[in-house]
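J.: Chains as they are written, first to last, in the working numbering: chain A, 101 to 572; chain B, 1249 to 1582.
Hint data in this document are derived by calculation from the structure and do not stem from the laboratory.
Model, not experiment: these values are computed from the prediction.
Each residue gets a CB set at the ideal place from its N, CA and C atoms; glycine is no exception.
Please note that a few of the clues may not be correct.
Using C-beta positions, here's what the derived DEER-type ranges look like [stated by the list, open to error]:
1) G488(A) / L1508(B): 51 to 59 Å
2) S118(A) / Y1566(B): 56 to 64 Å
3) V401(A) / L1403(B): 57 to 65 Å
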Amino acid sequence: MELDPLLLSRIQFAFVVSFHAIFPVFTIGLAAYIAVLEGLLFRTRDPAWERLSKFWTKVFAVVFGMGVVSGIVMAFQFGTNWSNFSYATANFLGPVLSYEVVTAFFLEATFLGVLLFGRDKVPQGVHLFAAIMVAVGTFISSFWILAANSWMQTPAGVELQNGLFQMTSWSEAIFNSSFPYRFSHMVVASFLTGSFVVAGVSAWYLLKGRETALNRRALSMCLWLILFVAPLQMFIGDLHGLNTLKEQPTKLAAMEGHWESKAGAPLILFAIPDSASETNHLEIGIPKLGSLILKHDVDGVVPGLKDVPADERPPVGPTFWSFRVMVGIGVLMIAVGFWGAWLRFRGRLYDQPLFKRVLVAMIPAPFIAVLAGWFVTEIGRAPWLVYGQMTHAEGLTPSLTGGMALFTLIGFIVVYSVVFAAGLYYLLRIVRTGIEEVEAQDEHPEQHRAKRPFSAADVPLEGGDGAPATAR
Amino acid sequence: MGIDLALVWAGLLAFAVLAYVVLDGFDLGVGILFPLLRDHGEQDLAMNSVAPVWDGNETWLVLGGGGLFAVFPLAYATIMPALYAPIIAMLMGLIFRGVSFEFRARADRSQFLWDIGFPGGSIVAAFAQGIALGALVQGIAVEDRAYAGGWWDWLTPFSLLTGAALVVGYALLGATWLVMKTEGPLADHARRIARLTGWGTFVLIGLVSLITPFLNPVYLQRWFAWPMGIFSVIVPLLLLGCGWRLHRGLVERRDATPFLASLGVFVLCYIGILISFYPYMVPPSVTLWQAAAPDESLAFLLVGALVLIPIILAYTAYAYWVFRGKVDPEEGYH
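Construct the entire structure; sequences and hints are all you get.
T.: This is the structure in structure tokens:
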């Protein structure tokens, strides 16, 4: 079989970037949560906030470390597999990605040290300031990354001359048409991820009867956030979709599963899109609702895939189904928010074991939703790498062979699997060890030496029987 | 604009790469020596000596890689494909080594895995960096602003030689670092390793230096024609001076001297390479001005760099200051 370097490079990039993305999407939300906890501590002086903050800071340190390790690879991958793309877009993407590195190091590296190790060494106000700066740093990082990605989706402020994108306006390029939607959609996704993880872990502790008072507080905070932010996310997603309709109609047609451009289009709930015969199998839809949502008019005309030649269409099945996974989880999140509000209204928020179990089960959901969302937007723009201007095939390293791409893909899968398995195992241990144990270890300050993220989490990687000593 | 921004950036990047090589060099070196250390006690101590600083050292690599993309896109887009395999191998080595650092100290049953991963990743990373350097010195085929060579062009006897030289050279840095940072039996052991790797380093540098001028007439011209030819006297003399300081430092037990002398060796070799390359960014055809991005991009980024680099330097200096002196064996890693 002929190995296709293009397909393999796309799989490789998708693998590396998906692996990487799950860490920052969590740390952005968690950093904001920690900053809020520190702010509450500063105002109320209530040690409960400090205990929560200490515990979640340890989790943050490990996740942040894994995010950095997996992110370094990407600085090189642009050049190794996508050299034509790198060269053509360097005038814009080079500075933008470099500024991401600048802010990441400047804000995070400097202030993260103070946040992790400075609690008893600097005044409380300074510690709070460091926590806020770490949160701000994660936002600025994602600002640059999403500016870069949005520009590739809806390019602006550049002119293609002799195969090179020359800058005509920095502000138009950075604040391109899809940027505001993509950025806010991603930031809110990070908040949701952070709150679902914290809520799930707190619910698990409550099921085990550990640190009840503290975990109730954490759970209650998260549920308030979910109640308001999950519907907000749906609203932003809708705006983002309307922008996609305007800028990338073909992607939208793939998301909706519409082959023909037509008025009064249905909202397709289930279908098996078939690119070969240009039709859907087993289609179930609600008549006219598609046009109503997209055009706010039951007889509005929505675009179809057949508006463009077959070689300019994305893979329809993955785009269609990733979109449904994302939206489905979004609806589930809204439902959880309302369920929580209802239980709270009835005064039974902490009494319902089923609700807590559902929250525990929901921990992976936001990560899946985020990845599915990225799949929609990234697969959905195929075959374009820079939308409408440069295809994936044009951006590929000309000398790349399929064998080499396959070899390195396997290498990445092996290395990342080991890293991920060890990291996840370690995180689970920190959680199982729990807030109580983490504090017991803090009684021995001489153990803290190395001023680095992982050493903030002083939990052994393995334990005798794996059971927490304090599961009382 | 009066300032040659491309040249300024070439200088900044050269500095970032040098900072990376000397800083990450010694901690990779400690990883390379790791299997030679006698027992877990020595190994723990050696790891502790680099634990507080190693990840800061790798900051410079990201700065070098990201900076190359932003300011010398043509160099980035040709060097990366040309050195595909060594660069990916280096990244995987560094990742493996990084997580081994973190997990080894907390592991019990799985410690053997991290005991392999730490030196294994270090050796792979160092060897791959040396190969990449050798391949770059040999020259990279560029046609029509893209890499025009094959997949295995980087693999030659010369690049294997530079790979070996860098592994041994990093081991020397690691050994002299341990001499400086530790006491007792481990320091004595490190002194013996430093003597061996010192000899090894000089022999390999000698071989590489003898071969390099004959790889490319430009290098020959550079080193043996007036006025630059004067450097072919000065650089080797300074190198021998460093070798002498290294030797005396080990004999007289002045513990910081061998490390500083080894750093001197690296800085001098680096200067030697810069002399060979200038004004090329990707020998033998792309100059740094051809490789550079337009001035507006360079200026846009220079603002950030001028803020960032002093902060990183201050931060790095502070980290080394906090952890100055010998490592106390009583203090655990975690």
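J.: Could you check the hint for me, namely that V401(A) and L1403(B) are 57 to 65 Å apart, CB to CB?
T.: 59 Å, holds
J.: Do the Cβ positions of S118(A) and Y1566(B) conform to the proposed distance bound of 56 to 64 Å?
T.: 36 Å, violated
J.: Taking the beta carbons of G488(A) and L1508(B), is their distance inside 51 to 59 Å?
T.: At roughly 57 Å between Cβ atoms, L1508(B) and G488(A) fall inside 51 to 59 Å, so the hint holds.
In summary, the structure is inconsistent with hint 2 from the numbered list given earlier, while agreeing with all the others.
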